[in-house]
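Novice: Chains as they are written, first to last, in my numbering: chain A, 1 to 284; chain B, 1 to 284; chain C, 1 to 284; chain D, 1 to 284.
Source of the hints: derived by calculation from the structure; they are not laboratory data.
One should not assume that every hint holds.
When chains are identical, the list treats them as one kind, so a pair holds in a single copy or across two.
[As the list claims (entries may be wrong)] Listed next, the in silico DMTMM-like pairs over lysine to aspartate or glutamate satisfying Cα-Cα at most 20 Å (straight line):
id : residue 1 : residue 2
1  : K114      : E73
2  : K146      : D40
3  : K202      : D262
4  : K49       : E64
5  : K49       : E61
6  : K49       : E73
7  : K146      : E194
Predicted model only: the values in this text are computed from it and were never measured.
Protein chains: 4
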Amino acid sequence: MTDNTFGTLFSFTSFGESHGPAIGCVVDGVPPRLPLSAADIQPYLDRRKPGQNRFVTQRREADEVEILSGTYEGHTTGTPIGLLIRNTDQRSKDYGEIANQFRPGHADYTYQEKYGIRDHRGGGRSSARETAMRVAAGAIADITLKHILGEAFCIRASVIQIGPHAIDPSRFCVDEIDNNPFFCGDAIAAQEWEAYLDDVRKSGSSAGAILEVVATGIPAGLGQPIYGKLDAEIASAMMGINAAKGVEIGSGFGLSSLPGTDAAMRCGLELMVLNSPQTTLAVF
Amino acid sequence: MTDNTFGTLFSFTSFGESHGPAIGCVVDGVPPRLPLSAADIQPYLDRRKPGQNRFVTQRREADEVEILSGTYEGHTTGTPIGLLIRNTDQRSKDYGEIANQFRPGHADYTYQEKYGIRDHRGGGRSSARETAMRVAAGAIADITLKHILGEAFCIRASVIQIGPHAIDPSRFCVDEIDNNPFFCGDAIAAQEWEAYLDDVRKSGSSAGAILEVVATGIPAGLGQPIYGKLDAEIASAMMGINAAKGVEIGSGFGLSSLPGTDAAMRCGLELMVLNSPQTTLAVF
Amino acid sequence: MTDNTFGTLFSFTSFGESHGPAIGCVVDGVPPRLPLSAADIQPYLDRRKPGQNRFVTQRREADEVEILSGTYEGHTTGTPIGLLIRNTDQRSKDYGEIANQFRPGHADYTYQEKYGIRDHRGGGRSSARETAMRVAAGAIADITLKHILGEAFCIRASVIQIGPHAIDPSRFCVDEIDNNPFFCGDAIAAQEWEAYLDDVRKSGSSAGAILEVVATGIPAGLGQPIYGKLDAEIASAMMGINAAKGVEIGSGFGLSSLPGTDAAMRCGLELMVLNSPQTTLAVF
Amino acid sequence: MTDNTFGTLFSFTSFGESHGPAIGCVVDGVPPRLPLSAADIQPYLDRRKPGQNRFVTQRREADEVEILSGTYEGHTTGTPIGLLIRNTDQRSKDYGEIANQFRPGHADYTYQEKYGIRDHRGGGRSSARETAMRVAAGAIADITLKHILGEAFCIRASVIQIGPHAIDPSRFCVDEIDNNPFFCGDAIAAQEWEAYLDDVRKSGSSAGAILEVVATGIPAGLGQPIYGKLDAEIASAMMGINAAKGVEIGSGFGLSSLPGTDAAMRCGLELMVLNSPQTTLAVF
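Work the whole structure out from these sequences, hints included.
Specialist: This is the structure we're talking about:
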């Protein structure tokens with residue numbers, strides 16, 4: 001089934017396992033005559049690149065993206081854009097012991113039950129490595145939207161909680177996000193997280209996190225009604241990411257504790273927000 | 001676009017406005033030779049029926065469903081099942097003043113911006129009335145799954161919080177759910193909610209709620225990987241419901257506060273849960 | 001599966017059996033603010049209506065279409081349009097003997113093999129009665145295209161061969177099409193067919209036909225490339241009609257007998273034709 | 001839009017231009033635990049390979065396919081299979097003059113009108129080179145079907161007419177198909193074609209052809225009803241091939257000249273044929 005495809009008018013189809021020869025995707029529906037080269041996509045992948053500090057996976061990958069089709073003389077042509085990243089640091093020996101056991105909280109067991117076979121190396125297809133192609137396709141989406149919506153359009157994400165430690169929203173500063181290894185807008189929280197995560201690592205454990213995504217400059221009426229509504233599409237996209245277990249739009253679950261009049265007003269603002277100036281979304 | 005269609009192998013396509021002549025849907029992909037008549041679907045609609053107590057919309061609708069196709073001599077034939085409910089209590093005069101204003105927290109503004117026209121009566125297409133067809137199609141899905149999975153399969157929902165008042169999980173009892181107007185498994189909480197909601201109504205406001213859905217007897221490996229994974233499909237379906245603003249699977253956002261080892265173990269259990277004995281999902 | 005749905009941006013989903021209570025469809029993707037009422041769709045259905053002369057099925061159906069949703073004060077709103085036609089002349093007794101036999105050249109056997117059950121009355125779902133909903137949805141498509149493309153747009157069909165008797169293209173006149181019971185543009189051929197078909201009926205047999213569809217005023221570049229190209233979509237739509245067994249675009253099979261230079265030139269003209277002034281398509 | 005994707009349960013998404021760095025595709029829905037390596041796909045591509053005799057395009061391509069994902073230790077895993085073929089003989093200088101002119105009977109003009117830009121080299125995306133990925137995906141489909149349906153399943157194609165010269169069906173022999181450069185089952189016709197095509201080439205022209213595809217061992221009830229019926233899917237797939245302008249199922253257009261009783265009987269046989277022992281399809 002076409003479950004490795006996401007989207008309708010703008011869509012992408014991805015393939016690739018953690019330790020196979022390569023990962024890649026086909027991005028369809030990109031408007032023609034857009035300036036686009038691999039150098040435009042690479043910075044998005046570089047921000048995601050593993051092994052950049054001691055807090056993330058130590059796998060070393062250059063993650064150099066190659067454009068295989070869909071552009072001509074530095075511009076998109078409207079035809080599907082094939083993207084390819086060769087896997088280089090496959091280190092599959094490191095995963096040898098996993099062949100015979102199922103890791104709790106991972107998809108190993110499910111894949112084995114579903115298919116009766118699995119590429120266990122690094123999680124195979126269920127590896128977070130798959131998200132590299134979401135980033136590559138997302139880069140083209142971002143470039144396309146900037147082209148269509150102009151400078152008003154901006155989408156940014158940051159981590160707002162690691163383990164039990166949330167940021168203090170009053171200290172949040174967009175410019176801070178790229179100044180620490182956590183993509184955190186609160187410099188003080190980032191320092192706390194550093195100490196916290198060092199402890200967690202020493203204890204042989206790890207930690208969860210909550211992210212916030214904010215988009216501005218979105219036109220009202222974006223998305224389709226009912227089953228294809230923007231909230232639903234966002235929820236589907238977020239929950240498809242490995243280990244994501246919750247999605248909120250705007251005030252989310254918090255709305256349930258508010259009187260309806262306040263909630264309606266806040267939700268009304270967030271709805272205008274969702275449809276017009278700014279969309280906020282938290283995802284675990 | 002086909003955004004009024006949900007699902008792939010089992011799908012349904014709905015139509016209808018709050019105050020139009022009728023609402024209906026086409027359910028496709030139902031297996032043949034299943035016993036099915038309108039009387040099998042009606043009880044699901046009766047539980048949802050508006051106007052049954054003072055805590056819900058006072059609209060009076062019989063919501064009698066008619067099967068227009070897809071069955072022969074009381075059994076499904078594998079062809080699409082057309083369902084129809086005539087609107088009877090349309091009371092569109094009651095909504096006259098809404099023609100000229102946008103209600104906060106509703107889709108009125110968005111529809112007007114998107115289409116340049118809207119059927120304002122009761123929210124038109126964006127009315128919660130649309131969910132009646134989700135219930136009708138869901139009834140057929142439930143009947144189909146019971147037929148395929150047998151007695152082990154069960155899916156149940158209950159309300160676990162209204163306003164700031166959550167249930168006490170230690171008092172939860174499945175048999176209690178149908179004993180109060182709130183579908184609440186905690187009898188004491190249901191009483192508190194009754195008092196709370198009377199106050200809220202008197203103050204001219206309303207309240208939010210959190211629901212929990214639990215499915216048991218689900219085979220491992222259900223759903224597709226990556227963009228079509230079960231979590232993502234559930235999140236999309238839930239967030240497409242009017243006013244839903246958050247979805248959690250299993251422990252959801254709470255997982256972020258746990259040490260990774262605990263979270264992995266719990267998530268592992270919930271994953272087995274998600275794929276095998278029981279799925280829990282909270283939705284605002 | 002969603003195989004009772006056709007189309008992507010403009011789509012329709014149909015349901016209904018020949019002798020069930022009703023047939024209907026949901027048309028999605030219709031632009032908002034288009035004038036539309038049942039009276040606009042009815043003339044298309046009236047041209048198709050059975051029982052109008054001795055050369056077609058003698059079933060008597062008023063085929064009165066009802067719009068159930070998607071319009072407000074005589075205009076489309078962008079929401080899905082539900083259409084319903086009640087079956088009145090069901091005469092299922094006439095088909096009693098078919099329950100126990102498979103008609104050659106019909107889908108009876110296939111349905112029975114596929115589903116293990118079938119509504120045999122009049123072919124059930126595989127009846128040509130299903131095409132009434134194609135006509136209703138097609139009416140809305142035609143109205144929509146006329147609105148978008150203006151007066152230059154025209155699509156017309158006529159019968160160009162019945163049995164072994166083809167029209168003489170030099171005698172073809174558009175105005176003649178509605179002057180005979182065969183939708184034939186050649187008055188002399190229509191007379192021949194009348195005599196031929198009377199003979200055929202007396203011998204207890206029937207006859208095949210070839211239709212030609214011509215569209216003018218189509219913008220260049222319509223349709224998607226590769227698997228979604230206009231030729232492919234047209235072929236799929238035509239071949240989905242009961243008993244259709246062949247589709248040609250432009251000169252079709254005849255091109256194979258031409259020298260490549262002539263064929264390329266003709267095909268080039270027809271391609272421009274396909275994409276710009278006029279599209280011709282023959283379907284058996 | 002996802003118009004570079006074909007199929008639902010078994011689907012493939014292709015990318016690549018005639019003279020870009022590479023062509024490729026993603027095949028989704030392949031069952032797990034199927035033996036599969038590049039060596040299994042290569043023979044299909046070798047039969048299609050350009051430059052093998054003087055009657056086809058003189059482009060030289062090794063067309064070596066690489067499997068990038070979806071297999072583990074020589075077996076499919078149920079995850080999407082990424083396939084890649086590097087273009088080697090791109091010779092884009094040869095096409096320099098085409099940048100400034102539109103070739104009759106080609107898609108150049110349409111692409112330019114639709115996208116306002118095109119990769120003119122060798123037709124870019126509209127090149128017949130795209131069919132290499134159909135062959136690669138088709139190879140996996142063929143291997144999958146052989147695995148599922150067993151030895152009874154066979155699908156074969158041959159050329160039955162070139163220019164005005166058709167084969168004599170009484171001389172047709174399956175074993176002959178691979179003995180001549182035309183995939184022709186009639187050895188005498190193949191000789192005639194050789195002489196005919198030498199003349200055509202000398203005159204600077206080319207020729208059209210008609211192919212016949214026959215499948216045996218197909219189970220009854222394959223395909224979906226109505227808009228997704230097997231005839232419609234086949235017609236769509238065939239008409240999506242470059243330069244294909246006609247499709248017939250079984251006796252096709254010829255049926256229109258037969259009395260209905262004969263046609264129904266033949267069509268009944270062909271329908272059983274279509275659904276059970278053997279499917280025949282001619283495509284120009």
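Novice: Could you work out which earlier hints the structure fails to respect and list their numbers in ascending sequence?
Specialist: 6, 7
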